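Build out the structure end to end from the sequences listed, making use of the hints.
Quick note, the sequence shown lines up with residues 14 to 126 if you use the working numbering.
Only true hints are included.
Taking lysine-lysine pairs in the DSBU-like style, the calculated list, with each CA pair at most 30 angstroms apart, reads:
1) 28 x 92
2) 51 x 92
3) 72 x 96
4) 72 x 48
5) 62 x 92
6) 72 x 51
7) 28 x 51
8) 83 x 96
9) 96 x 62
It is worth saying that the hints were derived from the structure and are not from the lab.
These numbers were taken from a predicted model, which means no experiment stands behind them.
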Amino acid sequence: MVDDTYPQMPIIETKNYLLRPARLNDAEDMFEYYKQSKVVEYLPMSSHKTVSDTRRFIKSFFIDNYNQGKIGHFAVVDKSNNKVIGNIGLNNVYKSDTEGEIGICINPIYWGH
Numbered sequence: 014m015v016d017d018t019y020p021q022m023p024i025i026e027t028k029n030y031l032l033r034p035a036r037l038n039d040a041e042d043m044f045e046y047y048k049q050s051k052v053v054e055y056l057p058m059s060s061h062k063t064v065s066d067t068r069r070f071i072k073s074f075f076i077d078n079y080n081q082g083k084i085g086h087f088a089v090v091d092k093s094n095n096k097v098i099g100n101i102g103l104n105n106v107y108k109s110d111t112e113g114e115i116g117i118c119i120n121p122i123y124w125g126h
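Spelled out as structure tokens, the structure:
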């Protein structure tokens, strides 16, 4: 399955979760975890102060990459309540490299589940 808006982005489904492109209307859910300093502690960013900060982040980090045809990070959606509980994707991967990083941010209420 692929996303209608960003066809280069597959939609990955498991029994409990859905990985799909992030959307601006995910901002409220993502703000829940990006506002927490323990979530961004090892990231090159500060915790978000407002939902508007999160919307700007979604636009610049996710959507701008999708619009350039890149496969970026996915929103992680809990299928039981359709809530975005985190995001996951590849970082620092270039055609000339043989290595990359997996980046993941998960809402702390889901840590350990």
